[in-house]
Amino acid sequence: MILVENVSHAHGPNRVLHDVSLAIPRGGVTALIGPNGAGKSTLLSLIGRLLPLQAGRIHVDGLPVDATPGRELAKRLAILRQDGAVASRLRVRELVGFGRFPHSRGRLTAEDRAHVERALAAFDVMGLADRFVDTLSGGQRQRALIAMAFAQDTPVLLLDEPLNNLDMLHARELMRRLRASADAEAKTIVAVLHDINHAAAYADRIIALREGRVVADGAPCDLLTPETLSVVFGQPLRVERIDGTPVVLHHL
Amino acid sequence: MAERRALWVCGGLALLALAAAAAFLALNIRGNVWFALELRATRLAALVVVGVAVAVSTVVFQTVTGNRILTPTIMGLDALYALIQSLLVLTLGALGYAGLDPRLKFIGETALLSALALALFLPMLRARLDMTLMLLAGVVTGLLLRSLQALVERVLDPNDFAVASAAGFASFNLVHPELLAVGGLVTAAGCALAWRARHALDVAALGADPAVSLGIDWRRLVAGLLMLVAVLVAVSTALVGPVVFLGLLVVALAERLVGTRRHSALLPAAALLAVVVLVGGQALLQHGLGGASVLAVVVEFVGGLVFLTLLIAESRRR
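Same order as they appear, the protein sequences are chains A and B.
Heads up, the first sequence is in UniProt numbering, so the first residue is 1 and it goes up one at a time.
Heads up, the second sequence is in UniProt numbering, so the first residue is 1 and it goes up one at a time.
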């Protein structure tokens, strides 16, 4: 359960978020969409306490994100940032192992290792496990970072553009896995997505931001209409339905 | 596999360190053996304390700043130390300087150096700092202090000048035993803290955002670690004088030896290597070659070369 109340945020003189309030219940996939600079990443970083809260309140599972000890929160929420730079020279297995830090404080137990191996297999990086992260391609590194966030094994998962650099098959695989863990383990997943059709096919709910405000919020079927999309992106987009799922022909 | 390698490396380095210590104590010993041994043991202890303090502070500093070609002493601390010496000689005269209570001097220097280090490092807490800016601030501060020192030295008479300029170099020969106990205790405590934080340091090396995401209280951790660095640097500088490149040298070598940046391997390896370099080097130069050269100069020379190599390698990689 994520509760965002009256959150505003400014980077210097630029107001990025204006009085945003949201409630995201437990379990399910929520997609944040919107044009560049709409405040999606800022909102996600605020929920994941990577940015200090300037105004408003945010609770995750009833815990205020700005006042709860970091370790407590790290057992409840994992966040994947947009820029996946890894500062130190690490092998992929070590990197994914860091996902267990909130639970084991650095001393990996057998259970931790099992989590790591599962995450490595789940995101198709098992074959890369002994490679150094800085020798990977962008998409491979992205998968390693997602595996690390998954290894953290938290009920809440925040992903900022998880599909970055992924080829279409890995992108589909990731979205299926998000869907499966939301359904089977009741995980709460919030992802910033630029590919609106992935949101349409896999999300339970889409929240659209524009210029720091929530301008649309609802199930993909209801939200993805030419009228709503023109409010969000400033241009009408053609929407077709295939097997009941809306498909936005944004590339035409 | 990596852990086993680190164990082997640390074991080997420990043996080397012991051999170096034995050589340092025993080489060319003449005259009153007990007197000479006591003298040498004091110096040996000083070398060990300084080596460990420099190595540990450099590892921690590099991890926190996310930069592998920095050492905390590059930030102008050596210049402040030299300025303090010159100012003391200026105000007290060479005789007064020599007669200064070493304990008082040590405490004062430690406090001043810690204060400067914190003033330079603390802005880092606000963000995953602008490294370039901090580096620049450190270099400019160093320049300012060095110019001030040059100014002070111009006013000194030749005798005082000789005393002041000798004090500006690291000296491993003159160590006061009473300082050694304090410095050793502080360094031991600092090492224990760094060792306790070894897993947190591994996570901190990922960068600020990933570390926060994994539950690290970034500001508290970094503030604590930087204080630790400041105190360790101040202790080693106050004990023997400024050693600028030693930390860089031993950490870069230790990282290549253990093949990982994991702190549980890197911290002991770097500390042991620093002891080997200092004690072994001093044994060779002072007792083996009969004082043919000054260790501080040799270490700084080699360390400077390593620094340049790292700079060039880093710029090639980009």
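It is worth saying that the hints were derived from the structure and are not from the lab.
Be a bit skeptical, because a hint or two may be false.
List time: in silico SDA-like cross-link candidates among lysine to any residue, alpha-carbon distance up to 20 Å [claimed, not checked]:
{"no.": "1", "chain 1": "A", "residue 1": "K75", "chain 2": "B", "residue 2": "A208"}
{"no.": "2", "chain 1": "A", "residue 1": "K75", "chain 2": "B", "residue 2": "W218"}
{"no.": "3", "chain 1": "A", "residue 1": "K75", "chain 2": "B", "residue 2": "H199"}
{"no.": "4", "chain 1": "A", "residue 1": "K75", "chain 2": "B", "residue 2": "N67"}
{"no.": "5", "chain 1": "A", "residue 1": "K75", "chain 2": "A", "residue 2": "A55"}
Looking from chain B toward chain A, a few residues come up when the C-beta cut is under 7 Å (computed) [as the list claims (entries may be wrong)]:
{"no.": "6", "residue": "L25"}
{"no.": "7", "residue": "R154"}
{"no.": "8", "residue": "D157"}
{"no.": "9", "residue": "N159"}
{"no.": "10", "residue": "H199"}
{"no.": "11", "residue": "V212"}
{"no.": "12", "residue": "L214"}
{"no.": "13", "residue": "G215"}
{"no.": "14", "residue": "D217"}
Distance ranges between label pairs, derived from CB positions [claimed, not checked]:
{"no.": "15", "chain 1": "B", "residue 1": "R220", "chain 2": "A", "residue 2": "D83", "range": "46 to 56 Å"}
{"no.": "16", "chain 1": "B", "residue 1": "L133", "chain 2": "A", "residue 2": "P25", "range": "51 to 61 Å"}
{"no.": "17", "chain 1": "B", "residue 1": "W195", "chain 2": "A", "residue 2": "D19", "range": "19 to 29 Å"}
{"no.": "18", "chain 1": "A", "residue 1": "D124", "chain 2": "B", "residue 2": "G259", "range": "52 to 62 Å"}
{"no.": "19", "chain 1": "A", "residue 1": "D83", "chain 2": "B", "residue 2": "P158", "range": "51 to 61 Å"}
{"no.": "20", "chain 1": "A", "residue 1": "A110", "chain 2": "B", "residue 2": "G12", "range": "46 to 56 Å"}
{"no.": "21", "chain 1": "A", "residue 1": "G127", "chain 2": "B", "residue 2": "L7", "range": "46 to 56 Å"}
{"no.": "22", "chain 1": "B", "residue 1": "L133", "chain 2": "A", "residue 2": "D134", "range": "23 to 33 Å"}
{"no.": "23", "chain 1": "B", "residue 1": "W8", "chain 2": "A", "residue 2": "G127", "range": "26 to 36 Å"}
{"no.": "24", "chain 1": "A", "residue 1": "E111", "chain 2": "B", "residue 2": "E3", "range": "17 to 27 Å"}
{"no.": "25", "chain 1": "B", "residue 1": "L305", "chain 2": "A", "residue 2": "G127", "range": "38 to 48 Å"}
{"no.": "26", "chain 1": "B", "residue 1": "L118", "chain 2": "A", "residue 2": "E227", "range": "56 to 66 Å"}
{"no.": "27", "chain 1": "A", "residue 1": "N6", "chain 2": "B", "residue 2": "G259", "range": "19 to 29 Å"}
Every residue gets a Cβ at the ideal spot worked out from N, C-alpha and C, and that includes glycine.
(request) Determine whether the Cβ-Cβ distance between L133 (chain B) and D134 (chain A) falls within the hinted range of 23 to 33 Å. (result) holds, 25 Å
(message) Interface hint check: L214 (chain B), Cβ to nearest Cβ on chain A, cutoff 7 Å. Holds or violated?
(response) holds, 5 Å
(message) For K75 (chain A) and N67 (chain B), compute the direct alpha-carbon distance and say whether it is at most 20 Å.
(response) violated, 29 Å
(message) Quick check: does the Cβ-Cβ distance between D124 (chain A) and G259 (chain B) fall within 52 to 62 Å?
(response) Since D124 (chain A) and G259 (chain B) have Cβ atoms about 27 Å apart, the given range 52 to 62 Å is violated.
(request) Would you settle whether the hint for V212 (chain B) is holds or violated, based on the nearest Cβ-Cβ distance to chain A being less than 7 Å? (result) This interface hint holds because 6 Å falls under the 7 Å limit.
(message) Would the hint linking K75 (chain A) and A208 (chain B) be met if the CA-CA limit is 20 Å?
(response) OK: K75 (chain A) and A208 (chain B) at ~18 Å, within 20 Å.
(request) Could you see if the CB distance from E111 (chain A) to E3 (chain B) stays within 17 to 27 Å? (result) The hinted range 17 to 27 Å holds for E111 (chain A) and E3 (chain B), with Cβ atoms some 19 Å apart.
(request) Closer than 7 Å between Cβ atoms is the bar; does G215 (chain B) clear it against chain A? Give me holds or violated. (result) holds, 3 Å
(message) Hint check: K75 (chain A) vs H199 (chain B), CA-CA at most 20 Å. Holds or violated?
(response) holds, 17 Å
(message) I want to verify a distance hint. Is the separation of the beta carbons of A110 (chain A) and G12 (chain B) within 46 to 56 Å?
(response) violated, 31 Å
(message) Take the shortest C-beta to C-beta distance between N159 (chain B) and chain A; is it under 7 Å?
(response) Hint on N159 (chain B): violated, closest Cβ of chain A at ~51 Å, above 7 Å.
(request) Evaluate the given range 56 to 66 Å for the C-beta pair formed by L118 (chain B) and E227 (chain A). (result) Between L118 (chain B) and E227 (chain A), where Cβ atoms are some 58 Å apart, the hint holds.
When held up to the earlier numbered hints, the structure conflicts with 4, 5, 6, 7, 8, 9, 15, 16, 17, 18, 20, 21 and 27 and fits the remainder.
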